[in-house]
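A.B. asks: These protein sequence lines are chains A and B, in that order. Residue numbers for the first sequence follow numbering that gives the first Met the number 0, beginning at 0 and rising by one. Residue numbers for the second sequence follow numbering that gives the first Met the number 0, beginning at 0 and rising by one.
It is worth saying that the hints were derived from the structure and are not from the lab. Note that beta-carbon positions come from the ideal geometry of N, C-alpha and C, so glycine has one too. Any given hint could be a false lead.
As the list claims (entries may be wrong) - Straight-line distance between alpha carbons at most 30 Å, and here's what the computed DSBU-like set of lysine-lysine pairs gives: (1) LYS158/A <-> LYS120/B; (2) LYS43/B <-> LYS120/B; (3) LYS158/A <-> LYS340/A; (4) LYS120/B <-> LYS68/A; (5) LYS340/A <-> LYS328/A.
As the list claims (entries may be wrong) - Ranges between beta-carbon positions, derived for each pair: (6) GLY111/A <-> PRO131/B: 26 to 34 Å; (7) ARG225/B <-> ARG60/A: 36 to 44 Å; (8) ARG225/B <-> GLY111/A: 22 to 30 Å; (9) ALA5/A <-> TRP30/B: 57 to 65 Å.
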Amino acid sequence: MTLSVALRHRFGDFALDVAFQAGPGVTALFGRSGAGKTTIVNAVAGLLRPDHADITFDGQRFDTLPVHKRRIGYVFQDARLFPHMNVADNLDYASRYGARASDRPRIIDMLGIGPLLTRHPATLSGGEKQRVALGRALLSNPRLLLMDEPLAALDAQRKANILPYLDRLKAETGVPILYVSHAVDEVARLADHMVLLSGGEVARAGPLFDVMADPAAVPLLGVREAGAVLRGHVVAHGDDGLSTLQLAAGQIQLLGVQAPVGADLRLRVLAQDVLLSLSEPAGLSAQNILPVTITAIRAGDGPGAAIALDAGGDALLARVTGRAVQTMKLTEGLRLFAVIKATSVAQSAISGAAI
Amino acid sequence: MMLDDAGWTALRLSLQVGVTATMLALPLAIWVAWLLARRDFWGKQTLNALVHLPLVLPPVVTGYLLLIAFGRNGPAGRFLEETFGLVLAFRWTGAALAAAIMGFPLMVRAIRLAIEAVDPKLEEAARTLGAPGWAVFGSITLPLILPGVLAGVVMGFAKAIGEFGATITFVANIPGETQTLPSAIYALLQVPGGEDAAIRLVLWACLLALGAVVLSEWLARRVARRIAGA
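Only chain B is shown next, with the shape it has when bound in the complex (with noise of 0.2 Å):
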């Protein structure tokens, strides 16, 4: 289970772009996925099918379109680099753009079926109660929503650590800045006698993967307790 040195950079750069593109993502996923479930507006349709793009588009394409927007000569990307000094091609911070957008769709769903299954009437009653709006989302809503939040989250999460296309194609495979568990494996086995350490870093990334399904399991199961009232 030991690593190498460029073994345990991939790891935590992996945690690093996960944990950022998770966090980067949850409030506007948070956001749209209430816009979806509770809202009708023109054009929520065409919403709908662009959060799902990420899901059915192929990796590469995404990760190519994201290059052409959010690339150094990119139209976002100088916008970026000029007014916040932020760069985003080949780097980590890039890894983790790629990897938040191929999250969203997954957290997006798993948000907006848990406030569809929130009760409407329980918002109206705190309205009548004298609660704004906001307000009815923070102390309603969203506490009643957490177990779908947290689904959302591991998902999210899950699937920016195994975030191989749109990530490699955006931002390379450098080692050090944009090198993450899977395109370290997909390096190792590009080499002659790569295998065992490639087979270190599966071990790895199915550790990581199986911990944060079980820890949300667990905190789900303590919020559904607490909501439950038992």
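Pulled out of the complex, with its shape left as it was, chain A reads as follows (with noise of 0.2 Å):
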């Protein structure tokens, strides 16, 4: 199950040149408004014809196909569902010119939208519309998922409660889902995979944890945003609200974790929330103070600096001022700690589900 893409496309000043590929599990297509992003998802769709364009699924040649032999799910930014249909009739739409989807039943109850089925798309929410969108475009029984922004339209709220259901869709679904995104915190809890999108052009690609780490990345995804993504175990919940997480490096104190004692989950720590001290700290109200090594460091335009570390085997990622790099004399290769407040963590930026 690999995408294979490779396209150019001219429209003004804008050119587009790309070539990447998308294995099984999520693969964020990640940048600014404008960075091409919508325009690669709706080639791969067959709803853009590009200048020059080498789409390959499976070995299959792609964009030579027409739209309606692509046997792709396409879930939009806005729902697009049909008006003069309920939502029943919009679900059964999906299996009327494809394969029929067996599992109507469990993609149904997996997304919650057994209650709505005999609504009319224009008296439901935004959350629900999007719901049913993607019960829609699963039922048409796709090899290949393609989400645009499907978040991009609901507020918060609505979105940490459709986020579960993505959970729970990339882990009970084989298919391989290409997501669009200007979000960091949905592709640090979705993606496996992720493509960095810069001015028409792939900056950076490969496995989440490596991109959301590499110091490189930080003026691509906004120095605010930048930030490791780890691995966690949730090992205890205090009385005091303060969860005990299991790192590669060690254990650190969180708050608001809601999975539950034995989950793994992900967590991102933001470049701008890690501290870091050449001697171990004491006296400190962060708890969390990790052992870590600096693996590379690389000043960034303005006067921050970002250092990327090694901590037990996960990568971490700090911002620090280039003034600190100089009086700290921070080399590669330094062992030093990092401190991380408990606070710190966002809990959308926690995952509740499996990694």
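Grab the two chains, each in its own frame, and use the hints to assemble them into the complex.
C.D. replies: Pasting the structure below:
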């Protein structure tokens, strides 16, 4: 299950020239608006004919197939439910022309849309519409799922409501997903692979954990959004609301962890929330202190520098000032301590689902 | 309101011509409206101008052009007679053709507006779900433009039963064959003492037009309600 995309397209001043591969799992296409994300997805879907395209899926030439023969499921930012059909008819539309999906009840159950079946799209909330659209795309029995900012039109609350469904979708269906987003938190939570787009080109591509921890990705993600994603294991929930998580480099305490004891999860630690200390700090309010080794230092365009750290096999990213790099004499290979505030790992950055 | 035999014949003929003309023009009008709304092709503006021509040409000119083309000695007329045994000149079928052509631009306009109001993104979504082009039109576009199609049908039908200039030029004013309501009213007004019969036909013409509008409004409202899902 590998999608291989190579395309070039020009419109106006903008030139898109990208090549990347997307394997099983979720591959995130990340970039600012205007980076060419939607153009790429539309080309894969066949809704846009690029100037030059070489798109194959499992060795089959894709770009010469008409849209309706590609067997892709496309979840649009605006759900695009058919207004003259109720929810059940919208769902059944998907199986009308393709192979009938055998697991209709399971998909309906997974997305929690059973109670909506007789409703009309006009009466649904944004989150409900998006769940129906997701179900409709799945019921077309797709070989590949394309999702173009499916959560961008939703407010934070609705987004939080629908994210667990996406977690389940990822865990329960084996369909590879190409996920377009400009929200780092969504990508950090869902994606397995990441393609970073900038100015119509692929700036970075690879496994999510690697790309997120790459100091060179900091300017592309935005200095306030950049931060490594770590794998953690819930060890215990304390009475005081603090939970203990086991990381590769040691244990840390975090607030607001919902996952049960024993669960594996991801946490995104923003580079700006990581402090560095040459000696093991004592008398700090922050309790999470991990021994780390500097693996790379990258000076930014501004006064900041991104420091890549190895934390017992996990990659961590810290952002400090250039002056700090000089006065602390930070160099590659230096062993020091990283300090993470328990309150700084945002709730939304903690995935509730398995890795 | 009671009509004499000649009046009834004119009324019946008008309905026959109107229904035939509308049914004849509708599929073509939908297709042309779709082409104009959704496709870009060479000669699009020419097609658009051609469709609108009957609206701006004097009806007599349209009728005369029809006579030249579809008369028994015209190229199209001879072809139709030799191939299908179909004669249009001075027959009610010719009246239907004239009415269809005169109503065509009105139908295309209404349907085109309706198609342009359908979000192409819905059609794209249907294609990604595996529906081929014709199925997308049948299952998404057509149901959504039904109110516009109905509006077009009513406009076309009203135009068809009211058509006078092109009809009388092309197929003359033969009672029982090509004498529709307007021609009958015109003929009655040419003879002394025909006003009473003319007035009754005028009332029927008003009734017919009004009925068509009311019926289409009612249908369009039902369709719109279904689309909105209330």
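A.B. asks: Indicate, hint by hint, whether the structure satisfies it.
C.D. replies: For each hint, the structure was consulted:
no., hint, verdict
1, LYS158/A <-> LYS120/B, "23 Å, holds"
2, LYS43/B <-> LYS120/B, "23 Å, holds"
3, LYS158/A <-> LYS340/A, "26 Å, holds"
4, LYS120/B <-> LYS68/A, "18 Å, holds"
5, LYS340/A <-> LYS328/A, "24 Å, holds"
6, GLY111/A <-> PRO131/B: 26 to 34 Å, "32 Å, holds"
7, ARG225/B <-> ARG60/A: 36 to 44 Å, "42 Å, holds"
8, ARG225/B <-> GLY111/A: 22 to 30 Å, "27 Å, holds"
9, ALA5/A <-> TRP30/B: 57 to 65 Å, "38 Å, violated"
In terms of the numbered hints stated before, the structure departs from hint 9 and from no other.
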